[in-house]
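Participant: As you go down the protein sequences, you meet chains F and W in turn.
Residues in the first sequence are numbered consecutively from 1, following the numbering used here.
Residues in the second sequence are numbered consecutively from 376, following the numbering used here.
Treat the hints as calculated values from the structure; they're not laboratory data.
Where is the CB? At the ideal position from N, CA and C, for every residue including glycine.
Check the hints yourself; a few may be wrong.
[What the hints assert, rightly or not] One-sided excerpt, in silico: chain F residues whose CB lies under 7 Å from chain W: (1) G26; (2) E55; (3) G59; (4) G66; (5) A67; (6) S70; (7) F92; (8) A197; (9) G219; (10) G221; (11) T227; (12) G228; (13) R343; (14) G347; (15) K348; (16) P350.
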Amino acid sequence: MPKVAFWQGNVAIAQGALAAGCRFFGGYPITPSSEIAETMAEELPKLGGKFIQMEDEIGGIAAAIGASISGVKAMTATSGPGFSLKQENLGFAYIAEIPLVVVDVMRGGPSTGLPTKVSQQDVMQARWGTHGDHGTIAYVPSSIKEMYELTVKAFNMAERFRQPVLVLGDEIIGHMREKVLVEDGLEIVNRKRPVVAPDEFVPYKADPSDDVPFMAGFGEGYRWHATGLTHNDWGFPTNNAADIEKKMLRLMRKVDRFRDDIVEYDTYEADDAEVLIVSYGSVSRSALRAVHEMRQQGMKVGHFRPITIWPFPDKELGAYASRVKKIIVPELNCGQMVTEVERAVHGKCPVYSKGLVNGELFKPSEIIAAVKEVA
Amino acid sequence: MPRPEVLNWIRQQFFPHVWCPGCGHGIIMHAMIRALVAEGKDPTQTVLASGIGCSSRMPGYVNTCTVHTTHGRSLAFATGIKLAKPELTVLDVMGDGDCSAIGGNHFIHACRRNIDITAIIMNNNIYGMTGGQASPTTPQGSYATTAPYGAIDPTFDLCKLAEGAGASFIARGTIANPVQCEQLIRKGIQNKGFSVIEILSSCHTQYGRKNKRRRPIDNINFFKENVVPLAKAKTMSPEELEGKVVTGEFVNRQSPEYTEQYQKLIERVRG
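Take these sequences, add in the hints, and give me the full structure.
Facilitator: This is how it looks when you write it as structure tokens:
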């Protein structure tokens, strides 16, 4: 029987983490994500898990990575300025291949920006924020149910691919309250443990079936070396060109290969649409209302919603591009995801960007006006 | 030649190491491993974390559970490891810049929590790996590539910092006395709480060439000539102690340990 809950979005993220088996949270207070830390501080000890408020955002992600290396599922959560501070250690988790969930509840920026107001200004930072190449998996939930379920999925993907997975909430979804039917029996994935004896363990030798190495937690009998330096299969730093390329290409490939397993999107009234609105997160709530109203007015308008913004559902959106006349992309920034939309559409129809950076959410009427302007 | 039980803790397959011939860091690594052997530690249940710099390359060569983290952040990683799995023995090796400049915030808070980690600061008074830039422990008046006219910044006393911040075991040794280093590290491991062992190391390559300690032996001799044991230091005036290196055990106190406090919290919450 599904349980009925009435949760705030940030609480739903914490509940999703606990349901996924997260037993460690390292964090630092920041608006508008603090309720995630507060919920974890209250709930983790009840389950024998550990919560620690670290001295800064950098320490928050570092402690979470440390816990994950020890074999415990771990998470950190933050918002804009804290997300900037976490980028260096996020990179460490990518290259050392440590499973981790990082939540960024987006607020206005740059810098301290708008602590209590919504934005979607971090979606490119989520892809490219840390230096160096790596594959990115990032979810953009648009409801409280998705805050819960996509957090569970984020943990599953982090464990499966041995890398950080991002949940990009936003201030509206983070602080909104909604009824959630909490489904039983969601799939839970755990990292692959070594199948060989400790003296035969090569820590970064990938399983050819998925390009992901087996992982032993510290204290589980296996001795191995994790480093942020580019390393060989032994985890030891290398300057050998072949070893460097092997590692880097595998980091990219382990996500690219399974792109179709990862990518998620949703559509509404898109099949016969002449104008397609592409939006995500809280904006899609207003966009869906706008589509509903325009349909009642007889306008053939539809909606396409990325659920994973990284990898971007480019093939899937591209398939609509030859069927619609125009695409419009409302988002709470000066035009970030629209560049991905243009890449996916590849000139098959005009793409219009509709940015909003005044700290407010689009009203449905503003999206309708924007559609009518280009239609 | 190290004893076989010491060699068991070394990843010889990754030698030669990155340290310059004559570097003081190998003396510290050997003392640390002897301490772990003497304490009867199991390498599969021991974690060695580090940050970035010459000192922090040490875990690569130590055959235990090792993590070479980001610059200055190793204590934050180690805190997560220890809190997640308190049954593990956790050590953390840092350089002077790593610990006290970029990592200063993590260092003072690890002291404050008194979490059961043994922190070894390998203080060679310089940023060696990047070419000899001044660090917070570069003695005032001495030279570095970023202090070509002599450092004007006051020198950081890391043991006093640790004492003020709440660490429960604090000691200082030098590479000129490896037996003392081993004993201090053993006491640090035995202490149930945050232990700080500052070991004055040497960098003849970067610090020495700028400060008339160009040969490895010049540095060993410098320590031999300038070390003052704590008991004797207590009888000396501040003027007499100017330029001296005070060694010994500064703090050894009982105070609540963080992971034990957290376990009590769990038991209280669960009833």
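Participant: Each of the hints needs a verdict: does it hold here or not?
Facilitator: These are the hints, each one checked on the structure:
Hint on F:G26 holds. Least Cβ distance to chain W is approximately 6 Å, under the 7 Å limit. Interface hint status for F:E55: upheld, as the beta-carbon distance to the closest one in chain W is roughly 4 Å, under 7 Å. Residue-level restraint check for F:G59 holds (minimum Cβ-Cβ distance to chain W is 4 Å; threshold 7 Å). The restraint placing F:G66 at the interface with chain W holds, with a minimum CB-CB distance near 3 Å, inside the 7 Å limit.
Because the smallest distance between the Cβ of F:A67 and any Cβ of chain W comes to about 4 Å, under 7 Å, the interface hint for this residue holds. Hint on F:S70 holds. Least Cβ distance to chain W is approximately 4 Å, under the 7 Å limit. Hint on F:F92 holds. Least Cβ distance to chain W is approximately 5 Å, under the 7 Å limit. For F:A197, the interface hint is violated, the least distance from its beta-carbon to any beta-carbon of chain W being 12 Å, above 7 Å.
A cut of 7 Å between beta carbons decides the hint on F:G219: the least distance to chain W is about 5 Å, and the hint holds. The beta carbon of F:G221 comes within 5 Å of a beta carbon in chain W, closer than 7 Å, and the hint placing it at the interface holds. Satisfaction of the interface hint for F:T227 is found here, the shortest Cβ-Cβ separation to chain W being roughly 4 Å, below the 7 Å cut-off. Interface hint at F:G228: satisfied, since its Cβ lies 6 Å from the closest Cβ of chain W, which is below the 7 Å cut-off.
Because the closest C-beta pair between F:R343 and chain W is about 32 Å apart, greater than 7 Å, the hint is violated. The restraint placing F:G347 at the interface with chain W is violated, with a minimum CB-CB distance near 42 Å, outside the 7 Å limit. Because the closest C-beta pair between F:K348 and chain W is about 44 Å apart, greater than 7 Å, the hint is violated. Taking 7 Å as the C-beta cut-off, the interface hint given for F:P350 is violated, the closest approach to chain W being about 45 Å.
When the structure is compared with the earlier hints, violations turn up for hints 8, 13, 14, 15, 16 and for no others.
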